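> Residue numbers (the numbering used here), protein chains in the order written: chain A, 17 to 438; chain B, 17 to 438.
The set of hints was computed from the structure by calculation and includes no laboratory data.
Fair warning: this is a prediction, and the values are worked out from it, not measured in the lab.
There could be a bad hint or two in this list.
The list cannot tell twin chains apart, which means a pair is met if one copy fits it or any two copies do.
Unchecked claim - Listed below are the simulated SDA-like cross-link pairs for lysine to any residue, each with C-alpha atoms no more than 25 angstroms apart in a straight line:
#	residue 1	residue 2
1	K68	L97
2	K296	M335
3	K438	P341
4	K367	I411
5	K68	S428
6	K30	L338
7	K438	I35
8	K299	N96
9	K30	R18
10	K347	A92
11	K209	E33
Number of protein chains: 2
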Amino acid sequence: MRIRFYNARILTMKENEDIFTGELHTQDNRITYVGKSEDAPEGDFLREIDCKGNVIMPGFKNCHTHSGMTAFRSLADDLNLQDWLNNEIFPREAKMSGEDCNILTKLAILEYLTSGVTSIQDMYLTPETIADACVEMGMRCELVSGLNKFGPTLDVLERRYNELNGKNPLIGFKMGVHAEYTCDKELLQNVSKLIHKYESPLYVHMSETKTEVDECIGRYGMTPVAFFDSLGLFDFGGVIYHGVWTTDEDMEIMLKRNIGVVTNPASNLKLASGIAPIDKYLKKGITVGIGTDGPSSNNALDMFREMYLVTALAKVREMNPLAVPAPEVLKMATVNGAILQEHTDTDTLAKGKLADIIMLDMNMPNMQPILNIPNNIVYSGCKSNVKMTMIDGVILYEDGRFAGVDVEEIYSEASAVMEKLK
Amino acid sequence: MRIRFYNARILTMKENEDIFTGELHTQDNRITYVGKSEDAPEGDFLREIDCKGNVIMPGFKNCHTHSGMTAFRSLADDLNLQDWLNNEIFPREAKMSGEDCNILTKLAILEYLTSGVTSIQDMYLTPETIADACVEMGMRCELVSGLNKFGPTLDVLERRYNELNGKNPLIGFKMGVHAEYTCDKELLQNVSKLIHKYESPLYVHMSETKTEVDECIGRYGMTPVAFFDSLGLFDFGGVIYHGVWTTDEDMEIMLKRNIGVVTNPASNLKLASGIAPIDKYLKKGITVGIGTDGPSSNNALDMFREMYLVTALAKVREMNPLAVPAPEVLKMATVNGAILQEHTDTDTLAKGKLADIIMLDMNMPNMQPILNIPNNIVYSGCKSNVKMTMIDGVILYEDGRFAGVDVEEIYSEASAVMEKLK
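Bound-form chain A, shown alone:
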């Protein structure tokens, strides 16, 4: 199956490559040509799509989410974190079945597609049924275990790691723990053994709130980053989600251990956690990706909002309008996301890369005039501009329609789950 996109403004996201007008071909799930039209090979195409000057670029990588929390959107806003977790979220999650989680994840996937997201890193309750939802819907997904003292067991974690990794080309599984404050030391020591057995990176919520960091220092005399490092949990690299309250010493450890950061600016604002030091991370050379976090703490799953916030909040945090310019943000949302998800064959548009591609509509008022496309995307772009989302060579969303999906059925099933959990 071959598809040809022509008359496109192509933003490959390769270092130092300018936007050019040309075409892109895919065959099955790979990109087979990116370049000028005059050099393009001929061929039998299933579809030839006139892009009419619209932008073709790599899809956005949403590096941290809890998709199944769509059930709780707008249910428990404007609350303190502890109220929210203990009184609203945990009791309802206790009632959520694997099948519920599957349906709720499908609802989230619809929204990802409207926002140009072509892969997610998802930490939630039942990885098996999340994987099923992703495979059924065609979404690329790195599952991450959210292990903590309430479950699952290390045996379950190890089994999932072996069973879910490579179960389907769209699905991966990463070793992760929920957070320092939801694990005791012995559990973390045992996770460290597993990390060493598989030489695996570790993924974890870390330094999200000041309270979390202060309490960890109270318990162990160390920041969460230093504490995890002392247990060998970062010996094979990894990623911390949030990273709002890291110290200079933390950043040195992160550099030494190759630990990236996924920033979730909308969630950090809404829960009053703080503003992450993105400008500092970039200056230190730490890899930063972007995540939406879950739809109960954000509440949208909208990479355009996150991209705007990354740069705008960096500017006000540093009181410097030059901080974190738009091209850096686009790199975080694409290339860096691919690195942090260990999917570097989705990072740029190039021959042989996986066909995870989006088309952005420039013929809309918010994208006019076209003076600087990366700046247009980051500073004035929005979901409405997503004209097409292709994952693994398949067009899943185009001109507001979802291919082969009964949207009403998903809405109705998700509402039924929500009624049950309410």
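Following the hints, position chain B against chain A.
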């Protein structure tokens, strides 16, 4: 001409009125019925629109913008304010004709319509041609003079005040000055005379940056708010745009003089001006509205982004996730906006009010499940949800299409202006 909207979830924005399912009728430019279907009068309707459970509510009031700056979108991002103004904006504005401003304003109006904006308060170079653009496109607009020491003269201001106010039912004109730092004291004293002659409120950029406030204190020994008050400029009320760096004493003056605030959170972030004390304003009882500011300092004209930022930034500023809940933000974007624009007949949905109405699509993934509609709109809503925008009884935007407008012609004319000014 009568139009009937039925099967609608109706959010009237009246104090203490819950959302209900019913219908709304318009005749010419007024609302003639809002209520349950069983009580609705029959009649000959030009159109009957099945809203399919979507939300009907008052349109958003964008209380501060410089529409014509669309020419400069993405042209001069990531710069210091002085660089931006002196090297990028002012030299280009010097070359902008009234006709240019007319075309650039039309481009902005297209974007307002996609964002559910039904009225704007616009401070820019050539009010006459901005008014023409608004009348031609059907946009409600309160023009505001941006008088400063470079122009125009007080005579021109007074003439515009008399000629443009009431020139067309869609158009009003307010007395305003650009800012304290662009006016000398004598000029402000003369403006004060005019304010007193017409018993008019005053509109002004104020307390946007810390530098501005510090320099005013250096010049006059007073904050900008206190200085303007000392000149009698606030004797008939008014509005300050931005209000990021006001003091407690300023707020007392504002309360006494009935001065509202228009907050422009995206612009304040991007230019690294700061985060306005919205929570404090609300607690003091000061009326707060929302503006996008111009498309060169934002860069979008998107009320959904602004609404999210108002609440999210208040939460992180106060380090309190309970600060400024969603219903307060919706009130700012509608009812308060109408108050600050002195258009209280556009504030809510009720019989006799002007028909400035939007329909929001709830059948999209980001609006599901429907647990709390105001929260859905503020926390996860986006431009894509705007299904229809009606101003003064006329549907100007519906299902992604602009009624009776040659969009390509506007894009092409705006691009030509941009090339000339580049």
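> Are the hints correct? Go through all of them and say.
Evaluation of the provided hints:
| no. | hint | result |
| --- | --- | --- |
| 1 | K68 <-> L97 | neither (47 angstroms within a copy, 36 angstroms between copies) |
| 2 | K296 <-> M335 | both (13 angstroms within a copy, 22 angstroms between copies) |
| 3 | K438 <-> P341 | between (42 angstroms within a copy, 21 angstroms between copies) |
| 4 | K367 <-> I411 | within (18 angstroms within a copy, 47 angstroms between copies) |
| 5 | K68 <-> S428 | between (36 angstroms within a copy, 15 angstroms between copies) |
| 6 | K30 <-> L338 | within (23 angstroms within a copy, 43 angstroms between copies) |
| 7 | K438 <-> I35 | between (48 angstroms within a copy, 20 angstroms between copies) |
| 8 | K299 <-> N96 | between (33 angstroms within a copy, 19 angstroms between copies) |
| 9 | K30 <-> R18 | within (23 angstroms within a copy, 55 angstroms between copies) |
| 10 | K347 <-> A92 | between (33 angstroms within a copy, 20 angstroms between copies) |
| 11 | K209 <-> E33 | neither (43 angstroms within a copy, 59 angstroms between copies) |
Checked against the numbered hints listed earlier, the structure breaks hints 1, 11; every other hint is satisfied.
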